Amino acid sequence: MPAPTPKDSVIVAQVLTELAKIGTGPTQWLTNPPDAKEGAPGDALDGTIPHQIFIQCAESALEDAPVTATMHARRLTVTVWMIAQQSTSSWAEVRKIKADVLRALYAAEGTFESISLEWGVQGYQARNDLAPAGFLAGSLDVYFDYDSEHATP
Amino acid sequence: MTFFGASDLPAMLADSGVPVVWGSVTGKGIEDEVDDEMLSGAGVDFTGRETSVVIETTPFAGLKENDTITVEGVSKKVISVHRFGDGALSRALVRPA
Numbered sequence: 290m291p292a293p294t295p296k297d298s299v300i301v302a303q304v305l306t307e308l309a310k311i312g313t314g315p316t317q318w319l320t321n322p323p324d325a326k327e328g329a330p331g332d333a334l335d336g337t338i339p340h341q342i343f344i345q346c347a348e349s350a351l352e353d354a355p356v357t358a359t360m361h362a363r364r365l366t367v368t369v370w371m372i373a374q375q376s377t378s379s380w381a382e383v384r385k386i387k388a389d390v391l392r393a394l395y396a397a398e399g400t401f402e403s404i405s406l407e408w409g410v411q412g413y414q415a416r417n418d419l420a421p422a423g424f425l426a427g428s429l430d431v432y433f434d435y436d437s438e439h440a441t442p
Numbered sequence: 023m024t025f026f027g028a029s030d031l032p033a034m035l036a037d038s039g040v041p042v043v044w045g046s047v048t049g050k051g052i053e054d055e056v057d058d059e060m061l062s063g064a065g066v067d068f069t070g071r072e073t074s075v076v077i078e079t080t081p082f083a084g085l086k087e088n089d090t091i092t093v094e095g096v097s098k099k100v101i102s103v104h105r106f107g108d109g110a111l112s113r114a115l116v117r118p119a
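These protein sequences, in sequence, are chains A and B. Using this note's numbering, read the first sequence as starting at 290 and increasing by one per residue. Using this note's numbering, read the second sequence as starting at 23 and increasing by one per residue.
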């Protein structure tokens with residue numbers, strides 16, 4: 290029997306699945322980015338894509354007390370990076386991506402609750418570091434609390 | 023404003039520059055394209071391609087963000103224009119129009 294998939298990877302995969310729904314189906318989306326990817330591209334960002342989303346498993350922290358002798362509480366933080374081509378309204382474009390990301394994540398509330406004890410979206414941070422390359426960006430941290438069994442983390 | 027040695031700049035740019043057109047203004051500029059890690063977070067570094075063109079400040083006075091210029095026949099949008107050195111030259115960051 291193969292070893293079970295690490296819990297963090299299950300959650301990251303589910304986040305990617307939910308974000309891939311942006312721009313598809315009957316929902317009125319504000320943006321139509323390519324499917325979100327984990328990590329950053331090795332090459333320079335593609336300047337021809339108006340909206341882009343990347344995620345990163347930013348932190349997996351041990352919470353204070355063990356739940357049982359064989360189980361600990363953990364918090365996984367996934368950072369969602371939202372990047373918009375610079376234009377006269379580019380901050381608004383970043384906020385459009387943020388709105389779509391929130392819409393996609395909250396639509397999956399039940400799914401996330403089935404794979405974690407509690408989840409939530411923390412603060413949005415605007416980033417202009419990519420402005421010299423013609424992009425503006427923002428990040429959102431999404432946390433997932435779960436009990437990690439020592440035998441199958 | 024008169025810059026020391028400004029009369030040498032057209033010859034310098036003519037030697038290694040590419041045609042730059044802004045409305046009725048034409049001149050030569052030195053274009054650069056550099057990939058640089060610009061945005062970092064926990065475990066990720068995003069690389070952006072920074073494209074710039076160095077131009078004489080005086081003929082291109084008034085060039086500003088969101089103006090359209092043509093660099094070597096390609097239309098670009100200006101991201102920002104900053105003077106450097108003594109101000110005789112300016113560096114315009116540009117993106118695809």
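By construction, these hints were calculated from the structure, which means they are not laboratory data. All of these numbers come straight from a predicted model, not from anything done at the bench. Be careful, since some hints might not be right.
Going by beta-carbon spacing under 8 Å, a handful of chain B positions derived as facing chain A [what the hints assert, rightly or not]: (1) A28; (2) S29; (3) D57; (4) A64; (5) G65; (6) D67; (7) E72; (8) V76; (9) V100; (10) I101; (11) L115; (12) P118; (13) A119.
Each residue gets a CB set at the ideal place from its N, CA and C atoms; glycine is no exception.
Here's how the hints hold up against the structure:
1. At about 27 Å, the closest approach between the beta carbon of A28(B) and any beta carbon in chain A exceeds 8 Å, and the interface hint on this residue is violated.
2. Because the closest C-beta pair between S29(B) and chain A is about 31 Å apart, greater than 8 Å, the hint is violated.
3. For D57(B), the shortest C-beta to C-beta distance to chain A is roughly 5 Å, which falls under 8 Å, so the interface hint holds.
4. Hint status for A64(B) relative to chain A: holds, with the closest Cβ pair at about 4 Å, below 8 Å.
5. Restraint check, G65(B) versus chain A: the minimum CB separation of about 5 Å is within 8 Å; hint holds.
6. About 6 Å separates the beta-carbon of D67(B) from the nearest beta-carbon of chain A, less than 8 Å, and the hint is met.
7. Here the hint on E72(B) is kept, as its CB sits about 5 Å from the closest CB of chain A, short of 8 Å.
8. Because the smallest distance between the Cβ of V76(B) and any Cβ of chain A comes to about 14 Å, over 8 Å, the interface hint for this residue is violated.
9. Using the Cβ-Cβ criterion of 8 Å, the hint placing V100(B) at the interface with chain A is not satisfied: the shortest such distance is roughly 11 Å.
10. Because the beta carbon of I101(B) sits about 6 Å from the nearest beta carbon in chain A, less than 8 Å, this interface hint is met.
11. Of the supplied interface hints, the one on L115(B) holds, with its beta-carbon coming within about 5 Å of a beta-carbon of chain A, less than 8 Å.
12. Annotation: P118(B) was flagged as interfacial toward chain A, and the flag holds, the nearest CB pair being 6 Å apart, inside 8 Å.
13. Annotation: A119(B) was flagged as interfacial toward chain A, and the flag is violated, the nearest CB pair being 11 Å apart, outside 8 Å.
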